[in-house]
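S.K.: Protein chains in written order, with my numbering: chain E, 5 to 387; chain U, 1119 to 1392; chain H, 8 to 294.
Keep in mind that the hints were calculated from the coordinates and are not lab data.
Don't be surprised by glycine CBs; every beta carbon is placed ideally from N, CA and C.
Any given hint might turn out to be false.
Examples of chain U residues lying across from chain E (beta carbon under 10 Å, computed) [said to hold, decoys possible]:
| hint | residue |
| --- | --- |
| 1 | S1279 |
| 2 | A1282 |
| 3 | D1285 |
| 4 | E1289 |
| 5 | A1292 |
| 6 | D1294 |
| 7 | A1297 |
| 8 | E1299 |
| 9 | Q1301 |
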Amino acid sequence: MSLADGVRGDLKLTGLHKRYPNGFVAVQSLDLVIPQGSFFALLGPSGCGKTTTLRMVAGLEDVTKGSIHIGEQDITTAKPYKRPVNTVFQNYALFPHLTIAENVAFGPKRRGVKDPKGSVKEILALTELTEQANKKPAQLSGGQQQRVALARALINRPDVLLLDEPLGALDLKLRRAMQIELKRIQEEVGLTFVHVTHDQEEAMTMADTVAVMNEGRIEQLGAPYELYTNPHTTFVANFLGRTNLIKGTVLGREGSGADEVVKVDMHGTVASIKASRVHTDAKEGWVGIRPEKVLIQPEGQAIDAPGAALSGAVVVDVSYIGVSTDYVLRMPWGQEITCFEQNTGRRGGLIPVGTKVDVSWRPEFAFLLDSAQDAEAGIVEED
Amino acid sequence: MITRLGSWIGKHLMLTLGILVLIYMYVPNMIVALMSFNDSSQSRNLYTFQAFTWDNWLNPCEPQGMCEALQVSISIGLLSTIVATTIGTLAAFALVRHRFEGRSTMNLMLFLPMATPEIVMGSSLLALFVAAGFGGQLGFWTILIAHIMFNISFVVVTVRSRLAGLDSNLEKAASDLYANEWQTFWRVTFPLVFPGILAAALLAFSLSFDDFIITNLNSGTTVTFPMFVWGAAQRAIPMQVNVIGTLMFIIALAIVIAGEVMSRRRAKGKAAAF
Amino acid sequence: MASLQRVFGKNSAYWLIGPAAVWLAIFFLFPMLSLLTTSLSDPAGSPIYGYDLTWRLQNYFEAISDYWPYMVRSLIYAGIATLLCLVLGYVLAYAIAFKAGRWKNVMLVLVIAPFFTSFLVRTLSWKLILADNGWLVESLQWLHILGEDGRLLATPFAVVMGLTYNFLPFMILPLYTSLEKIDPRLNEAAADLYSSPWQRFTKVIWPLSIPGVVGGTLLTFIPASGDYINSDLLGNPNTQMVGNKIQTLFTDASDYPHAAALSVILMVLIVGMVLFYVRRAGTEDLL
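If we strip away everything but chain E, and leave its shape as in the complex, we get (with noise of 0.2 Å):
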């Protein structure tokens, strides 16, 4: 099974197409590359066709179109079990009738591996499963099954290791846990993981690098910091945490270069965005900040934030929440927007509800959205 062991390198997905035969397009044309040894997180809400582009990866599903490569080799049409690629499984598919140790060993005795047991002590160790070696998978917990489907992949050393919703069964403590743990192992191991979740939080805490797929395709790539604070779509900026988006008419561009602003009428009070925060040219755009960079202050105290501010709010509401407090804003127009507050002690209590506040940020966090994207595109239910 030479494959397995072939040359390593990224992996590049070209132009990759996905349509079932009932019509329905679950991937749309898809360019990518994942550099070899990094995490990358394919992130979306379900539906999206990030769980068929990791399962046309692996082999499981036929391409429509397009191509799929890792380094030089095209593995587009290779049957699944001649890939050098691994998946952890979404509810971890450990086969039943064997034990944890034979689970694990599967793959190397495939592969034609003669005496797999060193190989198998080594990588049960590193999971912290060697007590479980020969338990069956129905005796172990949610977790240590978990670690077992990832160390039954990890043992073949695969170029890419492909994880589908890998802690999706687990309660949120245990989640988090987790989290740590398999970013832990891959910086130990340096394999390609490609991690395919509906869970923002975990995507930004494990992976080196994000794309936010939806309907198909990917809205945009990037580092969790450079996603969350620069979002391009108003789907990024509500699927990747929370975002105000307030109504706003471009009055025109000023300076250049870095320093270049794109001046922003919004309901009366003029607001300075850098250009290269900006992302639409039409004449109309959704200023979006997020609720932790909005500042305000009871009517008539100073802001700390240089420019203008929005006047005529009133609090509506006020969650306390132990680090920071939630207020709830009513804008002059209407408009409700969300503001966290660092609970540094620094005001010494709560502003209380009905109080009027001027409301402002600091202009390097603004970005603009083009307006005729939806408002409430990508807005996830807690769960």
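With chain E fixed as given, assemble chains U and H onto it according to the hints.
M.R.: Same frame as chain E, but now just chains U and H:
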């Protein structure tokens, strides 16, 4: 307090009633076991217990023709089990794993034998054999054909339910882990479906071994064990019939228990060996 | 499965289903046609030399006018036995599914185990239990439940009891399968929502077990209506069922056309009743 008492009684009432039903099911088996020790040589009344004796157990084959009939039943049982289990298992795979033209027709054709009274099935086969000119050659082979026929449906139903419950991701996982088609089948699919196939085979054997109505119509001069019992019942039933009945029951239970013990020990032994 | 398809080629399904389809076509469907033609043949033939197909519909009229009481009796006996099986089987299946705890598997094996003693031998032993001078009859007489010369053997009661006994496992297994799938927490939820034990049964458990009830009653009623063993061994000449008649017409009288006509009538009656019943119960997918 009263509701608690009520629910306590409710809980154990159902279990008690259930056990009573189970006992009802076992009354005949107990009588059969008891009668296998009956000394029937002294009396003409064969339906009461006369005196205790070991003779029936020591000379089980004494009644003329009984053990020959038993032999016929066992050979037909084994042969029909092997053929029906093979054919039926293949069909179950086709029905669960493939969408093909005629699939629903096939489902109907498999259901019909189970919905047909034995007397109708038996008489229709007889009508066919006679119409085809085999009326004078009824015997071992015609019985075998009939038994395979009615066993297929039961095998398909049993294996199909096991196969349908199988997580298809397991096979995908195997192929992801470098197992080719044959390896996937023999290392993952087959071991997981095997208990279903075994259960189907046991069911097929017991159905074949016990069948009377269809067999009787298509047997010609061949005598199976149930036919021997039937014939004997019209005259004077030898007590050895009860010995065979009890023996079959004990052997079957022993096989089930041994299977259970072995699968448990294997699980343990494997654990120790690794 | 895609992988099997690769092994057997594109038409693998037909290779797999082929043997079963061919066997059932030759030895089940074709005989049914043969039965149909025989039922329309001239009775003036013999099993050895065959019968001439003369489209003699009269066989059916004769079969009905001569044997309708047997037909009616069969359906009544089988119906009562099925109801009794349903009651007894439900109790045991319920106990195994919800109350048996770790004895579940043991009890399941015990349900199937009597099968391994030939059913003829077991049915014969009922003859002994129900005998006129047996302890059961004598105690019932002592309790005045039975009259001085009352008897159990060779009565309709014995036949129905024998049918109930013989087909009970066929009722229990489907019932157990569908009861076992019911989440016990549904029962708790119903209790939490103010249901009495009886309401919990009628509103939650029973509706969810309907597929098992339908499957079980079919598997009991169909063979019971065609049975003649119980009536022959435990009954008297006045308890004969249609199975007895078909059997004697085939073997003793060698009157194949009338026997075949009677078989076809029984089959049509049963298929009709099954379809009606399954429609009413709303469980077509069982077919």
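S.K.: So, for every hint listed, does it hold in this structure?
M.R.: Here is how each hint holds up against the structure:
1. S1279: Given a least distance of 17 Å, the restraint on S1279 (chain U) is violated.
2. A1282: violated, 16 Å
3. D1285: holds, 6 Å
4. E1289: holds, 9 Å
5. A1292: Nearest chain E Cβ about 7 Å off; hint holds.
6. D1294: holds, 5 Å
7. A1297: holds, 5 Å
8. E1299: holds, 9 Å
9. Q1301: holds, 6 Å
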